[in-house]
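J.: Keeping their order, the protein sequence lines are chains R and V.
Under our numbering, the letters of the first sequence match residues 691 to 892, in that order.
Under our numbering, the letters of the second sequence match residues 2 to 289, in that order.
A couple of the hints might just be wrong.
[Stated by the list, open to error] So these bits of chain V aren't anywhere near chain R, every CB distance computed over 10 Å:
(1) Asp-12
(2) Trp-14
(3) Arg-57
(4) Thr-62
(5) Arg-107
(6) Pro-128
(7) Asn-159
(8) Lys-163
(9) Ser-220
(10) Cys-269
[Claimed, not checked] Quick list of in silico lysine to aspartate or glutamate cross-link-like pairs, EDC-like style, CA-CA up to 20 Å:
(11) V:Lys-277 / V:Asp-12
(12) V:Lys-17 / V:Asp-150
(13) R:Lys-758 / R:Glu-773
(14) R:Lys-758 / R:Glu-804
(15) R:Lys-854 / R:Glu-720
(16) R:Lys-854 / V:Asp-233
(17) R:Lys-717 / R:Glu-861
(18) V:Lys-163 / R:Glu-788
(19) V:Lys-163 / R:Glu-861
Hints are computed from structural coordinates only; laboratory data are not their basis.
Everything numeric in this text was worked out from a predicted model, so none of it was measured.
Built from N, CA and C at the ideal position, the CB exists for glycine as well.
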Amino acid sequence: MLEAHGIAFRYEKNRPLLFQGIDLTLKPGEIIGLPGPSGRGKSTLAKILAGYLTPLQGDVQVEGNPLKKNTFNPVQILFQHPELAVNPRWKIKNVLAEAGPASPGLLNDLSIDETWMERYPHELSGGELQRICLARALNPGTRYLLCDEMTSMLDALTQAVIWKAVLGIAEKRNLGLLVISHDAALISIICHRTLDYFIQPG
Amino acid sequence: MKSDNFPSSLDLWVNKGEVLAVVGQSGAGKSLLAHALLGVLPKNAHVSGQLIFKGRNLTLTDMNRLRGREIALIPQSMTYLNPLLKVGVQIARAAELSGVSPKASRRATMEALRRYRLAEETASWFPFQLSGGMARRILTATATIGGADLILADEPTNGLDKDTAGETLMHLRGLADTGKAVLLITHDIEAALSIADRVTVFCGGVTVEEALAGDFNGSGRLRHPYSRALWDALPGRGFVGSLPARAPISANGGCPFITLCQQFTSPCESLLPDLKSLNKGRVRCHHA
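This is chain V alone, in the form it adopts within the complex:
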């Protein structure tokens, strides 16, 4: 990457029993956030700020220990499965790595398959024999078998048709309802709103708004112009009608949204606003 300070300021929190959706542009730094939480960023990455998990500041050593045990990732696609290994073996391996004894891991695998309505013989299948929806259930089973308390789901509905996507989202909601904290990273705001309690909006590498899912209802409760534009651009709503005549070229420094913002004034160009509390949420805008 040429820009050396990107993303620059991401801020969020998630409670147990809650689904927090992280939405925003492609390239806003959503997946980098998941990688930072797992401690798997490359060595030359510069990370500043704090990661607090269960009230404790996380160090890189902590992250290596917690990864897969207490913090687990549901990855984007089935390419994360080993194509040459039967899926039952892969789930059992995940169980063993998270501390289940090798003897108990087979039973845990069967339970995990049952939990996601997969037949027992699925365990002896190879990844290429799975449909997209089944692969997603296997990935979810693999991520959750160790009893992790924080689940990171990175674009879980990408490339899935409506029925399969809905099923995947209901599984995530189910995990939150059993007391896990779920971080749902997605560009699909409608999918996110169907299960999320709260929504954090990223734009150009910074958190611009933190809202309740219910704020996305068209009644003008959204705090940041980017969130409003994102919501109004849905095909079921304003779509192209609400856009300015031509999208200006992106600029550097200051607020990341000035390129499309209708309210843009001179401080926006050079000064990144602070994240301030507003109506039970938070917003980063000079005009809020």
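So here's chain R without its partners, still in its complex pose:
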């Protein structure tokens, strides 16, 4: 279980808190939606949950323990812009190898073509590159996947193809998913429940 208790955060001293008192529980196999307008702190919360940022107050626990450094992080984030999440000077095979050897079954599930391996990131389309980022994030050690506007810059068909693959893998491996999106229709169709911290006027 991925748990957060009483999370508060701000980027600079002397500025008001971006948010406070956020509690969240994500169980394995559960899909939670996190909707809300831009600029309220949805992505910041995701970075706190994955241990990229340290909250001002509160704590984050995975299976009852704080997140460990210097080992594979069971909480992985997928960002809106895959081209910013990969090293532009590395070939795709090296990008994938960063998270350990990818299993052929996984590459097959995500329809990743063998010929992409020798290419550089700018030689793939946004949807293709997002699938590479997914393959990298879906190491066997991953338990929770935070999808931060993962498909919002993709056309409807590419979006559906990617979600079909992710939902299938999440079900097979009993992963917990947090879906950050401002697309209400997307959240209502794939999520079991939604958190509304960020949709009240604030």
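With chain R's structure known, arrange chain V on it following the hints.
T.: Relative to the frame of chain R, chain V by itself:
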């Protein structure tokens, strides 16, 4: 780019007073089309075919002259604003470049701000002080101040929340209603349909369909299997349910959509169909 003949066949037309939405995959060549219309493709780009504007064939010299005056671009993001210059100065500069005299440009700037419901003091702000929606209004004001007749909007709703996106789209509709021609380039088909008169669908660098916006209503009036798949894949509709079990690997040559097409037969693999008229629209498919 490794493929040297991409995009290969884009076909579209837009009338004054009309919003034409250009939708399709990311990487289908939508933004390249805007760059071709503005004449800002890199030198090594090979462009063939015709660009006709107000009944005249456009040459590169024409495009350099018309760019910003009669054909204007509303760019994707506020990174197109100079971060070190107050926005009023930038709007006035755009006005001067499009032929307004330096004296009149200040007044034109204030009028443009009023038109987009921005307070006069906004002129003395820097881009970082603007919200996403305000920045979008400034970019629109900058693009339209010269009175251009053809407006190209490249992914104007990317990264905006619903309210801001809706406001941006209404401004584009307003421009068309005053007699401009608006080319709305987007991957977001729902946003496009909310204001467009007609829709051109791109797939893999070719125009596969030209439809009326009203054809996207689920009543089976769409002509190309790619348009139907795109429409059925919306989260509010079929979403993942209508997909084949596994997306095949993309192929080269022939129809760009064979990888996901359910109707695919042997000529589709090697022969790109012609764009033919059908039901007040056009389609490029062997099976239509």
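J.: V:Lys-163 and R:Glu-788 were given as a pair; does the straight-line alpha-carbon distance stay at or below 20 Å?
T.: Violated: V:Lys-163 and R:Glu-788 sit about 36 Å apart, past 20 Å.
J.: Take the C-alpha atoms of R:Lys-717 and R:Glu-861, compute the straight-line distance between them, and say whether it is at most 20 Å.
T.: Holds - the C-alpha atoms of R:Glu-861 and R:Lys-717 are around 13 Å apart, at most 20 Å.
J.: Would the least Cβ to Cβ distance between V:Asp-12 and chain R come out above 10 Å?
T.: holds (19 Å)
J.: Would V:Trp-14 pass as off the interface with chain R, using Cβ distances and a cut of 10 Å?
T.: holds (22 Å)
J.: For R:Lys-758 and R:Glu-804, compute the direct alpha-carbon distance and say whether it is at most 20 Å.
T.: Roughly 34 Å between the alpha carbons, so the hint for R:Lys-758 and R:Glu-804 is violated.
J.: Beyond 10 Å on every Cβ pair: is that true for V:Lys-163 relative to chain R?
T.: violated (6 Å)
J.: Against chain R, does V:Thr-62 keep a CB gap of more than 10 Å to every residue?
T.: For V:Thr-62, whose nearest Cβ neighbour in chain R is about 32 Å away, the distance exceeds 10 Å, so it holds.
J.: Checking the smallest CB distance to chain R, is V:Cys-269 really beyond 10 Å?
T.: Check passes; 18 Å lies beyond 10 Å.
J.: CA of R:Lys-854 to CA of R:Glu-720, is that 20 Å or under?
T.: Roughly 16 Å separates the two Cα atoms, so the pair holds.
J.: Would you assess whether V:Asn-159, listed as outside the interface, keeps its beta-carbon beyond 10 Å of every beta-carbon in chain R?
T.: violated (6 Å)
J.: Taking the closest pair, is the beta carbon of V:Arg-57 still more than 10 Å from chain R?
T.: holds (33 Å)
J.: With the threshold set at 20 Å, check whether the alpha-carbon distance from V:Lys-163 to R:Glu-861 stays at or below it.
T.: violated (30 Å)
When the structure is compared with the earlier hints, violations turn up for hints 7, 8, 13, 14, 18 and 19 and for no others.
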